[in-house]
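Chemist: This is what each chain is made of:
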Amino acid sequence: MSIMEYNGGSVIAMVGKDCVAIASDLRLGNQALGISSNFQKIFPVTDRIYVGLPGLATDVTTLRERFRYRVNMYTIKEEREIEPETFAHLVSSTLYEHRFGPYFIEPVMAGLSKTPSGGLKPFIAATDLIGCLNFAKDFVVAGTASSKLYGVAEGLWEPGLEPEDLFETISQTILNAVDRDAYSGWGCIVHVITKDKVVSRTLKGRMD
Amino acid sequence: MEAISRAGTVLGVLAKDGVVLAAEKKVTGKLLDLSGAKEGGYGGSGEKIYLLNSNIIGGVAGITSDANSLVNYARSAAQRHLLTYNEDIPVELLAQRLCDMKQGYTQYGGLRPFGVSLLYAGYDPHYQFQLYHSDPSGNYSGWKATCIGANNGTAQSLLKQEYKDDLEVKDAIGLVLRTMSKTMDSTTLGSEKLEFAVLTLDPTTKEPKAKIYRPAEIDALLESEGLAKKDEDTAKRSA
Amino acid sequence: MENLFAITGKGYVIVAADTTSARSIVKMKVDEDKIKVLSPHLLMAYSGEPGDTIQFSEYVERNIRLFQIRNTYPLGPSAAASWIRRSLAESLRSRKPYAVNLLLGGYDTNKHEPHLFWVDYLGTMTEVPFAAHGYGSYFVLSLLDRYHNPEASLEEGLATLKRCIAEVTKRVVVSPGQYKVKVVDKDGAREIEI
Numbered sequence: 003m004s005i006m007e008y009n010g011g012s013v014i015a016m017v018g019k020d021c022v023a024i025a026s027d028l029r030l031g032n033q034a035l036g037i038s039s040n041f042q043k044i045f046p047v048t049d050r051i052y053v054g055l056p057g058l059a060t061d062v063t064t065l066r067e068r069f070r071y072r073v074n075m076y077t078i079k080e081e082r083e084i085e086p087e088t089f090a091h092l093v094s095s096t097l098y099e100h101r102f103g104p105y106f107i108e109p110v111m112a113g114l115s116k117t118p119s120g121g122l123k124p125f126i127a128a129t130d131l132i133g134c135l136n137f138a139k140d141f142v143v144a145g146t147a148s149s150k151l152y153g154v155a156e157g158l159w160e161p162g163l164e165p166e167d168l169f170e171t172i173s174q175t176i177l178n179a180v181d182r183d184a185y186s187g188w189g190c191i192v193h194v195i196t197k198d199k200v201v202s203r204t205l206k207g208r209m210d
Numbered sequence: 018m019e020a021i022s023r024a025g026t027v028l029g030v031l032a033k034d035g036v037v038l039a040a041e042k043k044v045t046g047k048l049l050d051l052s053g054a055k056e057g058g059y060g061g062s063g064e065k066i067y068l069l070n071s072n073i074i075g076g077v078a079g080i081t082s083d084a085n086s087l088v089n090y091a092r093s094a095a096q097r098h099l100l101t102y103n104e105d106i107p108v109e110l111l112a113q114r115l116c117d118m119k120q121g122y123t124q125y126g127g128l129r130p131f132g133v134s135l136l137y138a139g140y141d142p143h144y145q146f147q148l149y150h151s152d153p154s155g156n157y158s159g160w161k162a163t164c165i166g167a168n169n170g171t172a173q174s175l176l177k178q179e180y181k182d183d184l185e186v187k188d189a190i191g192l193v194l195r196t197m198s199k200t201m202d203s204t205t206l207g208s209e210k211l212e213f214a215v216l217t218l219d220p221t222t223k224e225p226k227a228k229i230y231r232p233a234e235i236d237a238l239l240e241s242e243g244l245a246k247k248d249e250d251t252a253k254r255s256a
Numbered sequence: 003m004e005n006l007f008a009i010t011g012k013g014y015v016i017v018a019a020d021t022t023s024a025r026s027i028v029k030m031k032v033d034e035d036k037i038k039v040l041s042p043h044l045l046m047a048y049s050g051e052p053g054d055t056i057q058f059s060e061y062v063e064r065n066i067r068l069f070q071i072r073n074t075y076p077l078g079p080s081a082a083a084s085w086i087r088r089s090l091a092e093s094l095r096s097r098k099p100y101a102v103n104l105l106l107g108g109y110d111t112n113k114h115e116p117h118l119f120w121v122d123y124l125g126t127m128t129e130v131p132f133a134a135h136g137y138g139s140y141f142v143l144s145l146l147d148r149y150h151n152p153e154a155s156l157e158e159g160l161a162t163l164k165r166c167i168a169e170v171t172k173r174v175v176v177s178p179g180q181y182k183v184k185v186v187d188k189d190g191a192r193e194i195e196i
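Residue numbers (the numbering used here), protein chains in the order written: chain A, 3 to 210; chain B, 18 to 256; chain C, 3 to 196.
Certain hints may be false.
[Stated by the list, open to error] Below, simulated PhoX-like cross-link-like pairs (lysine-lysine); rule was C-alpha separation at most 25 Å, straight line: (1) 226(B) with 79(A); (2) 79(A) with 42(B); (3) 33(B) with 181(B); (4) 43(B) with 79(A); (5) 228(B) with 197(A); (6) 199(A) with 226(B); (7) 223(B) with 188(C); (8) 113(C) with 226(B); (9) 197(A) with 226(B); (10) 228(B) with 79(A); (11) 228(B) with 199(A); (12) 123(A) with 199(A); (13) 33(B) with 113(C); (14) 223(B) with 12(C); (15) 38(C) with 12(C); (16) 161(B) with 181(B); (17) 113(C) with 223(B); (18) 199(A) with 223(B).
Hints are computed from structural coordinates only; laboratory data are not their basis.
The task is simple: from the sequences and hints, build the whole structure.
Modeler: This is the structure in structure tokens:
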């Protein structure tokens with residue numbers, strides 16, 4: 003038994019045309035026993051950044067609280083909202099501080115970053131449990147269903163998806179991937195981040 | 018204490034659906050770079066009124082450098098509370114946190130106390146909207162309307178005359194601005210001499226919403242309240 | 003084996019815990035109270051390593067009380083639960099972690115709604131409509147999936163709880179005989195005989 007599989011759960015993030023999407027399942031389990039079907043693993047960081055924290059559930063809560071603390075201190079002292087790239091490095095350094103006794107979480111981030119010309123550019127990234135950053139141009143996955151998510155996303159994703167098409171793609175990807183994973187599932191939540199709003203939808207899934 | 022009685026006035030009024038803070042700025046002049054206040058940040062020019070937490074705004078009077086360090090401490094204390102209890106810090110508790118520290122400097126030799134008085138305007142589910150005042154000795158108390166800084170005696174008596182229970186935010190805004198215009202040394206109000214903030218509940222989310230006004234918004238507000246400074250050119254032309 | 007159950011209903015939370023205290027195969031005590039009343043509107047049921055349970059629950063009880071004395075009002079259910087969870091999460095990465103599982107049932111007197119939190123010894127916490135710890139959970143959770151009703155009256159809630167206890171008594175090999183039941187609602191926490 004691996005600690006990373008103790009509670010189960012998966013997260014995926016995808017890039018679209020001037021938008022990004024991030025989705026997770028809603029299960030919290032104790033190995034094979036399901037405890038909750040409404041355990042959120044994705045949290046808003048700013049209006050334009052979301053972070054997903056699949057892994058050991060105690061660390062999901064702890065890290066969520068720590069990230070919120072560090073981001074709030076950043077916002078209040080800098081008097082501006084944090085940029086996705088900066089947040090990614092904040093995540094990375096928080097995790098690497100615990101290099102020899104890590105938090106058992108593999109964070110996934112999605113957001114829109116400001117470009118020098120004043121536009122917005124999609125941004126996604128993921129790290130391993132000790133904070134090694136992986137910036138991707140297409141999609142990033144993590145959690146107990148990560149191997150399945152890779153497979154389905156590889157087949158469904160294409161460049162330049164509009165927000166509604168991206169929603170459909172990420173929803174189909176996560177629903178079908180978690181159906182093949184015993185430790186993920188029990189419903190999903192999808193957030194699509196565009197320049198003027200974030201659309202969050204809860205998806206019904208198989209309850210087995 | 019001396020520094021506080023000379024510092025710019027800060028005035029707070031508690032209404033039943035919000036709290037209003039206003040402050041007089043002393044550091045002015047046309048060479049002062051205020052470009053930062055026009056956009057970005059939380060609004061305000063960052064001299065007298067600060068956002069301490071999402072549910073609390075603070076107004077300071079006294080030694081500015083001491084005030085900065087207290088504001089910093091308050092913000093950390095509020096975030097520490099959020100970290101341990103996963104809820105916004107209650108207003109009185111934040112006032113207590115600062116007073117515990119301020120009191121410490123009155124007790125031990127070698128260090129001087131913080132030369133700062135603060136007003137805390139905030140909201141929490143326990144006592145809804147609240148207004149507190151704390152002084153350099155570490156005393157604090159709750160108020161319906163109060164004032165710190167220069168001319169606070171005059172302002173207090175004005176507030177005492179005009180304050181009515183069951184005040185609403187829009188009335189409180191008027192009361193604050195009227196009192197402010199009477200107590201300030203200068204005859205006319207304008208955004209270069211005034212900071213202004215209101216804390217209310219967001220009608221949809223029911224979460225506290227702090228709004229620190231930007232210079233342009235202050236001028237617009239003064240205009241609508243009929244307290245705006247007369248433009249000298251228009252005054253001349255009409256004469 | 004130890005069992006803790008809890009269910010929410012319309013404006014209340016019922017928390018139940020068995021009353022046996024066992025060492026190996028021997029029952030040492032059959033009238034142990036494993037549900038602490040932390041504040042007027044907060045209940046905590048605990049199970050786990052004997053010794054740790056007492057030590058940790060008393061630590062929590064005193065700290066929650068201290069907060070109430072210092073601030074005149076008690077911590078709300080979710081603030082209390084977050085603090086307790088943090089204590090367990092910090093203990094997990096210490097030299098000797100507490101092995102204590104908890105169910106926290108409370109009534110939020112500001113928002114007028116019941117809350118139930120499932121917390122394990124790792125510091126995992128989630129808010130749920132019904133919860134269980136111990137071997138009984140394997141039977142009770144599926145039973146409650148079928149019979150739980152968030153709008154049920156207290157009588158109906160207690161009837162559902164009785165079905166749960168009956169099922170565990172019937173099907174689990176080493177099942178405890180007696181349960182203590184406490185309820186928290188707008189009128190505060192109290193014990194109920196079943």
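Chemist: Hints first: check each against the structure and report whether it holds.
Modeler: Hint by hint, here is what the structure shows:
1. In summary, the hint linking residue 226(B) to residue 79(A) is supported, as the alpha carbons are separated by about 19 Å, within the 25 Å threshold.
2. With a C-alpha separation of about 22 Å, the suggested pairing of residue 79(A) with residue 42(B) holds against the 25 Å cut-off.
3. This hinted pair checks out: residue 33(B) and residue 181(B) have alpha carbons roughly 11 Å apart, not beyond 25 Å.
4. The hinted pair formed by residue 43(B) and residue 79(A) meets the criterion: a straight-line CA distance of about 23 Å does not exceed 25 Å.
5. About 24 Å separates the Cα atoms of residue 228(B) and residue 197(A), which keeps this hinted pair within 25 Å; it holds.
6. With a C-alpha separation of about 20 Å, the suggested pair residue 199(A) and residue 226(B) falls inside the 25 Å cut-off, and the hint holds.
7. With a C-alpha separation of about 22 Å, the suggested pair residue 223(B) and residue 188(C) falls inside the 25 Å cut-off, and the hint holds.
8. This hinted pair checks out: residue 113(C) and residue 226(B) have alpha carbons roughly 19 Å apart, not beyond 25 Å.
9. The suggested pairing of residue 197(A) with residue 226(B) holds, with an alpha-carbon distance near 23 Å, which does not exceed 25 Å.
10. Taking the CA atoms of residue 228(B) and residue 79(A), the gap is about 17 Å. The hint holds against a cut of 25 Å.
11. Between residue 228(B) and residue 199(A), the direct Cα distance comes to roughly 22 Å. Compliance with the 25 Å bound is thereby established for this hinted pair.
12. Taking the CA atoms of residue 123(A) and residue 199(A), the gap is near 15 Å; set against the 25 Å cutoff, the hint holds.
13. Our distance criterion of 25 Å between C-alpha atoms is met by residue 33(B) and residue 113(C), whose separation comes to about 19 Å.
14. For the given pair, residue 223(B) sits about 23 Å from residue 12(C) by alpha-carbon distance, which is consistent with the 25 Å threshold.
15. The suggested pairing of residue 38(C) with residue 12(C) holds, with an alpha-carbon distance near 22 Å, which does not exceed 25 Å.
16. Taking the CA atoms of residue 161(B) and residue 181(B), the gap is about 9 Å. The hint holds against a cut of 25 Å.
17. Restraint check: the Cα-Cα separation between residue 113(C) and residue 223(B) comes to about 12 Å, which is no more than 25 Å; the hinted pair holds.
18. For the suggested pair residue 199(A) and residue 223(B), the alpha carbons sit about 20 Å apart, so the restraint of at most 25 Å is met.
When each numbered hint is compared with the structure, no violation occurs for any of them.
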